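Engineer: Here the protein sequences come in this chain order: A and B. 320 is the number that this note's numbering gives the last residue of the first sequence; the numbers go up by one with no jumps. 650 is the number that this note's numbering gives the last residue of the second sequence; the numbers go up by one with no jumps.
Treat the hints as calculated values from the structure; they're not laboratory data. Computed from a predicted structure; not experimentally measured. Beta carbons: idealized from backbone N, C-alpha and C, even for Gly. One or more hints might be untrue.
[Stated by the list, open to error] Covered stretches of chain B (chain A as the covering partner; in silico rule of three or more C-beta atoms under 8 Å from a C-beta of chain A):
hint	region
1	98-104
2	249-257
[Stated by the list, open to error] With a cut-off of at most 27 Å between alpha-carbon atoms, the simulated DSS-like pairs for lysine-lysine come out as follows:
hint	chain 1	residue 1	chain 2	residue 2
3	A	K171	A	K137
4	A	K27	B	K573
5	A	K27	B	K326
6	B	K594	A	K27
7	A	K162	A	K178
8	B	K326	A	K66
9	B	K290	A	K66
10	A	K162	B	K290
11	A	K27	B	K25
[Claimed, not checked] If you anchor each label on the Cβ, the simulated ranges turn out as follows:
hint	chain 1	residue 1	chain 2	residue 2	range
12	B	K25	A	K72	29 to 37 Å
13	B	A13	A	S119	36 to 44 Å
14	B	E315	A	K142	36 to 44 Å
15	B	K25	A	S119	45 to 53 Å
16	A	K142	B	R381	34 to 42 Å
17	A	E218	B	Q389	46 to 54 Å
18	B	K290	A	S119	56 to 64 Å
19	A	K72	B	T425	46 to 54 Å
20	B	S283	A	Y21	23 to 31 Å
21	B	T425	A	N46	16 to 24 Å
22	B	T425	A	P76	26 to 34 Å
23	A	D94	B	K25	32 to 40 Å
24	B	K290	A	D94	57 to 65 Å
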Amino acid sequence: MSSYQLTHLKQLESESIHIIREVAAEFKNPVMLYSVGKDSAVMTHLALKAFYPDKPPFPFLHVDTTWKFREMIAFRDNYVKNELGIELLVHINHEGLKLNISPFENSEKHTEVMKTDSLKMALNKYGFDAAFGGARRDEEKSRAKERVFSFRDKFHRWDPKNQRPELWNLYNAKVNPGESIRVFPLSNWTELDVWQYIYLENIPLPDLYFAKPRKCVNRNGIWLQVNDDRMTINPGEVVEDKMIRFRTLGCYPLTGGVESTASTLPEIIQEMLLTKTSERQGRVIDKDGGGAGMELKKIQGYF
Amino acid sequence: MSHQSELIAEDILAYLEQHEKKELLRFITCGSVDDGKSTLIGRLLYDSKMLYEDQLSQLESESKTHGTVGGAFDPALVTDGLRAEREQGITIDVAYRYFSTAKRKFIIADTPGHEQYTRNMVTGASTADLAIILIDARQGVLTQTKRHSFIVSLLGIRHVVVTINKMDLVGFSQKRFDEICEDYRAFASRLELPDVHFIPIAALHGDNLVDASPNMPWYKGSTLMNMLESVYIGSDRNLVDFRLPVQYVNRPNLDFRGFCGTLSSGVVRTGEEVMILPSKRTSRVKRIVTFDGDQSEAFAPQSVTLVLEDEVDCSRGDMIVKPGNVPKLQNSFDATVVWMNADAMIPGKTYLFKHTSQTVSGQIDSLRYRVDVNTLRSSPAPDLQLNEIGRCSITLSQPIFFDSYARNRSTGSFIIIDRITNATVGAGMISDRDSAKSTVAAWETNDKTSSDSASSVSSVTSEERVARFGQSPATVLFAGLTGSGKTTIANAVERKLFDSGRAVAVIDGEMMRRGVNRDLGFTVEERSENLRRSAHIAKIINDNGLICLAAFNAPNQTVRDRVADLIGKDRFFVVHCVADEKTRKERDEKGHYAKAEAGELPNFPGVTAIYEDPTSPDLVLDTSKKSIAECVEEVVEMLKAKKVVK
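Modelling step: build the complete structure from the supplied sequences, incorporating the hints.
Structural biologist: See below:
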């Protein structure tokens, strides 16, 4: 006779599967936003579990800013599209591309046009009424009070003052035409939970998370990888071969690497547990607009 | 960022193995900013090393601009999320915080303690296993302490840790601690709180949070962290009643049909017989499918996919249970409702009710009473405003499968959604007592055959009775507002008929309420039930050959029509008594009108409730214009015309 106890990871897994199935059952046209990072990897894995032996009954959408690490695009196509056989939609803001905004020079504008605007365009284009995102509440302060089912008006705006109460595991999926719900199945997971789950479940990840020698330059104290020939090298900067890895993935000009020797999952977890800075530290965009920067971005429609 | 940095550094694999086996504990913190709630949470995160240096340095800089402790490190800012809140200096919504130790992962629902935010606390409490109730040692048990404790018990949280904070400000006094514990116990004995603990703390300085306080050697109990790590929650789940609300039907191909869902409660094994509701078809569990392979059994709260032996019809909203242990299957029930929207709850309005995996329309028939969260007293009320809690009777457009909330948090809870705005406007917990409901539903179950059979038990025929009494029995309903003269006229008619040799009986509302109906109140439904029972008595009186004169308020036409059906339309007559407002108020010796106008009497027809005039009365008497004798004469003439008397 077993004691019928679930470990915290199994309980989180079960709750997330419940959320994912609820969306598939309640919405007409849901989509899973896929960003190639570790949170997306866990979310993908949970979606596979939720509908096994079938495939997830909704497409995945990647908003490609055209500045993602090359390895991310390769991983996306090899794993999600080819190996898993999931319907993958890729959206690029072609209007925005014409503006030729350099992420090196204007990171904020780049993110707004190529990520935030592009996401809204894609959601409008396909008419999705629900979009899964991999955000977690422990990531950043303004996310601590985000709902699992987070209502967005027809302009994709979030109103932090007027959120629907969310009780038990009863999620309100009602929306009027044009409105939508962002769904965060990993809301209650922490960074450690995500890593530990990846380790236990043996979930494939892009190579970028693991340390190896990479060509990079040190800019304002952050290691930027020379990922392709669009990388600008400023006067005085030296391209070095450094053992680095990335704690989060995004646009390579905006994502700082950390010096590391961690090349296995236990080593990565070890490093994460012993480190003294949070994962978003390496991201340039959080610091725009002071302490509440992310909150402003979310109101505007950034994920 | 964790307790055991040594193990992490030396043997990460051992650390990971240890952390694979952690349990999850959700708790809620109740108290206001003044009680040091944010400080407590900040301390727990800080002392369990769950804060990174960059977060800490950000906090330190914010302590200078927003802090409430004069620029010193303010742990409260850890939990203070949104910009507007920071500017107001209070938290205003539910925020979730995470930390973990070697034994458990914790999720904190951080909710504000201010009065107008009952909604947030209920939201946070809905998923919590444990509640921390903060008391300021200087203040002792306050109204808000009672409010928090009531909500904790209402939402079925079994474990309560009462932390008495700011002990440093009362000289770490054991006497003060004991006094407060005593006060709390005295008050909490009225609530359903099976497991209560008390800890004296000083959150700002960390006393008794993680490490035992050197300032309070007299306290021998656990520290707060120790308590959180060790409280046994394994038996909180219901593993007895197997319930699987079907969430999604998985049909990748013609050979596979799986019913996906999260077990609300109980355990299920392959080979066991199961029943599908509402069809009540039975089958056996063929497979319990998961991505990680088939399981031989599944238990709550696992999310699984069941494959059954037979091709049975089953879709989202259905529930899989075991034949010997089924939930209630009803479309009406009683529930405690918490209202969460600025637009008040309106009895009779159609809302959507989401319960397990189904959403059905329905209405709140009546608000039996409202509970004052401060005094815990219940009183009648016309509606529920934002943040108010009340006991309601609810009728849905189709039956749902439920258990009481006390027995099953998952199949006993629901949310209420506004059909137009789609907002979540309320939340409800289904009551295990629906005795009151069964009486109000009595009209519905009262089919004609059963009531007609009553007269057949007698050995005396109705013809014999007509011959004996010289009258054709009938019921006259004297309906009208309070003070319209119903009982006075009925009594006067009784005297007149009796004196002329007729056999007659009078019943009136007040008499009924003193006896047969003393268990009923004055809601629309209870008035309806009052009249239903009275109608049965009138019918018995008629069946025994007597004329029945019934003086009742009877404000509702539907109910009067039902009375007519029950007694028989050919022997039921309505006399509508009317009087002008001034006269009615003069006759109102008990001052009901004054009370109703002061808002003290809800559901009082003519003032705080609707009075529907009879649509086609047999007689209308204006008792403010006519004398009693004139009225009696008109009634007797009417009875002659109807051939009740000669």
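Engineer: Honestly, do B:K290 and A:S119 meet the 56 to 64 Å range at C-beta?
Structural biologist: Given about 60 Å between the Cβ atoms, the range holds.
Engineer: Do the alpha carbons of A:K171 and A:K137 lie within 27 Å of each other, as the hint requires?
Structural biologist: Holds: A:K171 and A:K137 sit about 10 Å apart, inside 27 Å.
Engineer: Below or equal to 27 Å on CA atoms is what counts here, so check A:K162 against A:K178.
Structural biologist: holds, 10 Å
Engineer: Just to be careful, I want the Cα atoms of A:K27 and B:K25 compared with a cutoff of 27 Å; is the pair within it?
Structural biologist: holds, 10 Å
Engineer: Is it true that the C-beta distance of B:K25 to A:S119 lies inside 45 to 53 Å, as the hint says?
Structural biologist: holds, 49 Å
Engineer: I want to verify a distance hint. Is the separation of the beta carbons of B:K290 and A:D94 within 57 to 65 Å?
Structural biologist: violated, 38 Å
Engineer: Within 32 to 40 Å: is that where the Cβ-Cβ distance between A:D94 and B:K25 falls?
Structural biologist: holds, 38 Å
Engineer: Does B:K290 lie within 27 Å of A:K162 when you go C-alpha to C-alpha?
Structural biologist: violated, 42 Å
Engineer: For the pair A:E218 and B:Q389, does the Cβ-Cβ distance stay inside 46 to 54 Å?
Structural biologist: At roughly 48 Å between Cβ atoms, B:Q389 and A:E218 fall inside 46 to 54 Å, so the hint holds.
Engineer: Note whether the CB distance of A:K72 and B:T425 lies within 46 to 54 Å or breaks it.
Structural biologist: violated, 36 Å
Engineer: How does the Cβ-Cβ distance of B:K25 and A:K72 compare with 29 to 37 Å: does it lie in that range?
Structural biologist: holds, 32 Å
Engineer: Assess, step by step, whether the Cα of B:K326 is no farther than 27 Å from the Cα of A:K66, and give holds or violated.
Structural biologist: holds, 26 Å
Checked against the numbered hints above, the structure breaks hints 4, 6, 10, 16, 19 and 24 and satisfies the rest.
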